[in-house]
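Engineer: For reference, the chains in residue letters:
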Amino acid sequence: MTEKITIRELIEKISQQAGITKKMAADILRTLPVIIEEGLKKDGAVKVKGLGTFRLKPVKGKAGRNPRTGARVQIPPHSKIVFLPEQSFKEFINQPYRMLGYQILDEKKEAPVDEIPIPEPPPPVQPEVKDEVQESHEPVPVPVYAATMRPPEPPEDPPPVEELHRGKKKIHWIIPVMLAIIVVLSLVYYLRNCERDEDSSQEAVVSSQETEVEAVEPVSEEPPAEPETELAVEPETPEPTFNIQHSTFNITEGNYLFRIASEVYGNPYLWPLIYKANQEIITDPELVIIGKEILIPALEGTPDRLTPNDSLEISEGYRLVYEYYREKGDPKADDFQLVMERYHPK
Amino acid sequence: MNTKEFTTAFAESLKISRKDAAKLLQETTRVLRETLAEKKSLSLQRLGNFRIKTLKSRSAYLPALGQKALIPPRDVIQYQPSAGLKNKLKNTPTP
Chain A
36 MTEKITIREL IEKISQQAGI TKKMAADILR TLPVIIEEGL KKDGAVKVKG LGTFRLKPVK
96 GKAGRNPRTG ARVQIPPHSK IVFLPEQSFK EFINQPYRML GYQILDEKKE APVDEIPIPE
156 PPPPVQPEVK DEVQESHEPV PVPVYAATMR PPEPPEDPPP VEELHRGKKK IHWIIPVMLA
216 IIVVLSLVYY LRNCERDEDS SQEAVVSSQE TEVEAVEPVS EEPPAEPETE LAVEPETPEP
276 TFNIQHSTFN ITEGNYLFRI ASEVYGNPYL WPLIYKANQE IITDPELVII GKEILIPALE
336 GTPDRLTPND SLEISEGYRL VYEYYREKGD PKADDFQLVM ERYHPK
Chain B
154 MNTKEFTTAF AESLKISRKD AAKLLQETTR VLRETLAEKK SLSLQRLGNF RIKTLKSRSA
214 YLPALGQKAL IPPRDVIQYQ PSAGLKNKLK NTPTP
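From first to last, the protein sequence lines are chains A and B. Each residue of the first sequence is one higher than the one before, counting from 36 in this note's numbering. Each residue of the second sequence is one higher than the one before, counting from 154 in this note's numbering.
In short, the hints are calculated from the structure, not lab data. Be careful, since some hints might not be right.
Computed cross-link-like contacts, SDA-like style, restricted to lysine to any residue with a CA-CA straight-line distance of at most 25 angstroms [claimed, not checked]:
1. A:Lys95 x A:Gly85
2. A:Lys115 x B:Leu238
3. B:Lys157 x A:Ser50
4. B:Lys157 x A:Pro120
5. A:Lys125 x B:Asn155
6. A:Lys125 x B:Ser170
7. A:Lys76 x B:Pro216
8. A:Lys76 x B:Gln179
Just so it is clear, the structure is predicted and the values come from calculations on it, not from any experiment.
Input sequences plus hints: build the corresponding full structure.
Structural biologist: Right, here's the structure in full:
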C-alpha cells in the first residue's frame, strides 16, 4: 500500500501514454504545480480536470503548544490547501468495491463486527446431494438429500448466566477455544468422511460424530486447542496446485463444492469462489448437479498467499452464500457473514 | 481558476497549442489516476503527496434507512501539500 512511484517512473509512464518525449513529460510535471500555485494565489481555487479541485481554506487562529518544548504559542489565522477529488476520480479509485453495497444488519446481531476475531471460520461442509437429471426424465427430478448431516454449529446460544457473572475475560477466552475444538472435530469428521464409502455408512458417521461432539464439549476449557488445529490442517491440503488457470470441472458422484475446492485449490474454504463463478448453475450451495460442468475461477495469487483481489472475490462469494442463507432464515448465515468479513482485504 | 483558464495557462507556459495542452493534460491526469488506483503513493515536487487510504468496512446506523447497516470498505484520496507550497500560500487571503 505504501509503495511509492518515483518521479522517473511517472515521467516514463506519461511519455509512453501520451507519445511524447521524456523531457516534455518532465516539463509537464514541473509546470502543473506552478500553475496550481498561480491559480490558488489568484482566486483561491484551481480545478484540474480529471483530478479535482485544489482550494484554499481559511483556518481560524487558535492557541496551541509547541510540541517539543510545551510552550504556549498563538497560531495565527492562515490558509491551508485542500484537495477535493472529483466524483469520477473517487469512483475510479473505488472500482474494486463497486459491487459492494450496504448490508442491513438485523437488530439482533449487531455484535459481529466488534467481536474478537475467531480463530478459524466455521467449516461450511456441504452435504452432497444427488440429482439424477442426466438422461432419463421419467422420475420427477426432485433433489434427494442423500445426507442430512450439517456442519457442527458453533455455539450460538449465549453462555450461561453464571459465566457472564464471572467476567468478560473468561467468556472471550472460551469462545475461541470452543470454536477451535469444533473446527478440529469437523476436520476429523471431514477427513474420515473422505475415506469412507459415501453410500454405505453415512448414518454411522453422523451418529458417531454427534456423540463425539457431546463427549468433548464439556472438556472445552482445555487450552491446547491451537496445536491440534494445526496438526489437523496439514493433511487437509494434499497437493496445492498453484497458478490455476480458469478451468472447468465435471461434477461426479459424491462431490460437493467444499470437496471440489479442496481438490482444485488445496483449500476447501475457498469454495465460495466456485459458487460465485457458477451462479447460473448452482443456486443452492448445498446442491450440485451430477454431470454438470462448472467453471473454476483462477486465483491471482496462490491459495496460501491470496492477493487482495482474491480475498475480495472470496469475500464476495461468502457474501452470496450469506445472503442465500439469510433469505432462507437459516442461522448459518451469521457464520458466513463472519467469514466474509474475515476474508475482506483490510 | 476553471478548466479553461487552467488549460490556457498550461499551454502558454509549455508554448503549445490549447488543443495539444488539453490532450496532454488528459493523458497526464490519466496516468496520475491510474497510479493512485494501483494504491501507489506519488509525490510531485512543489505540489505535495497523494496517497490512497483504505477505510475498513464498519457497521453504522443509517438514518435514511432507519436501520443499522454494514458499510462496505472504500478508498479515499489523501493529499498533503508540500511544505514549500504550504508556506508560500499561508498568508494568501481566501476569497
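Engineer: Confirm or reject each hint.
Structural biologist: Right, here's what the structure says about each hint:
1. A:Lys95 x A:Gly85: Status violated; Cα separation ~31 angstroms.
2. A:Lys115 x B:Leu238: It holds: about 10 angstroms lies between the C-alpha atoms, which stays within 25 angstroms.
3. B:Lys157 x A:Ser50: 23 angstroms, holds
4. B:Lys157 x A:Pro120: 18 angstroms, holds
5. A:Lys125 x B:Asn155: Satisfied, since the Cα-Cα distance of roughly 20 angstroms is no more than 25 angstroms.
6. A:Lys125 x B:Ser170: 30 angstroms, violated
7. A:Lys76 x B:Pro216: Given pair Lys76 of chain A, Pro216 of chain B is violated - Cα atoms ~40 angstroms apart, limit 25 angstroms.
8. A:Lys76 x B:Gln179: Judged against 25 angstroms, a Cα distance of about 24 angstroms means the pair holds.
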